[in-house]
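All the letters of the sequence shown, read from the start, carry residue numbers 1 to 196 under UniProt numbering.
Derived CB-CB ranges, DEER-like:
| no. | residue 1 | residue 2 | range |
| --- | --- | --- | --- |
| 1 | V65 | P122 | 19 to 25 Å |
| 2 | R121 | A32 | 50 to 56 Å |
| 3 | R140 | S102 | 18 to 24 Å |
| 4 | G108 | G169 | 37 to 43 Å |
| 5 | T168 | Q66 | 51 to 57 Å |
| 6 | P132 | G60 | 23 to 29 Å |
| 7 | A32 | T137 | 54 to 60 Å |
| 8 | V67 | T180 | 18 to 24 Å |
| 9 | G108 | E75 | 25 to 31 Å |
| 10 | V67 | D44 | 41 to 47 Å |
| 11 | P80 | E133 | 16 to 22 Å |
| 12 | T139 | S102 | 15 to 21 Å |
| 13 | T180 | G115 | 18 to 24 Å |
Treat the hints as calculated values from the structure; they're not laboratory data. We treat Cβ as the ideally placed atom computed from N, Cα and C, and that holds for glycine.
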Amino acid sequence: MCSGEGTEQECSTTLAAPGAGGDGGGAGDEPAFDPVALADEARDALRLPAPGLASSPGAGSPVLVQVPVWLWVEEDTWAPESAEAEVPGGSVRVTATPTAASWSMGDGEVVTCEGPGRPYRPGRDDPAGASPECGHTYTRPSAGEPGGRFAVGVEVTWEVVWEASDGTGGALEPLETTETAEFDVVESQALVESRR
Numbered sequence: 001m002c003s004g005e006g007t008e009q010e011c012s013t014t015l016a017a018p019g020a021g022g023d024g025g026g027a028g029d030e031p032a033f034d035p036v037a038l039a040d041e042a043r044d045a046l047r048l049p050a051p052g053l054a055s056s057p058g059a060g061s062p063v064l065v066q067v068p069v070w071l072w073v074e075e076d077t078w079a080p081e082s083a084e085a086e087v088p089g090g091s092v093r094v095t096a097t098p099t100a101a102s103w104s105m106g107d108g109e110v111v112t113c114e115g116p117g118r119p120y121r122p123g124r125d126d127p128a129g130a131s132p133e134c135g136h137t138y139t140r141p142s143a144g145e146p147g148g149r150f151a152v153g154v155e156v157t158w159e160v161v162w163e164a165s166d167g168t169g170g171a172l173e174p175l176e177t178t179e180t181a182e183f184d185v186v187e188s189q190a191l192v193e194s195r196r
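Using the sequences and the hints, build the whole thing.
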């Protein structure tokens, strides 16, 4: 059972000792602490936040063809999360750390960023410049797509490790979290005036 969220999660579980069942055999004297099994349970109990998908221009604003889009994951959703589980014989702490973000841009391109990306800051960054860490430039409008928009998604990969009170530890299968948005990508229309 787990209570709390994020880094404040506390999990507890009880594992039966091998052979325990009241038969009086010596097998019932074996320790109940199985750190690997406990680590798996703590991993399954982790509640990871959905990625805070962010961009400039934002998903609610038109995006121009050939103008760089900055991509990043909000800082408060890009931080290690941990949970602890314990039984009478010991305890295990499992920690998940975000390591990479894979962006599906809706136009057939996938952008993989080793980190959350850098937020765009007006006055600091050139609005016509590309992100130094994570970004994409569309080469065609989204008018032909369903709903007239590109379906954009970000998948964050979390590396998971565990450490037990008996000094053992290791890595577990990674976890993934996702978030989606829609981008309206348009072409800039030039106005041509004729002079007589």
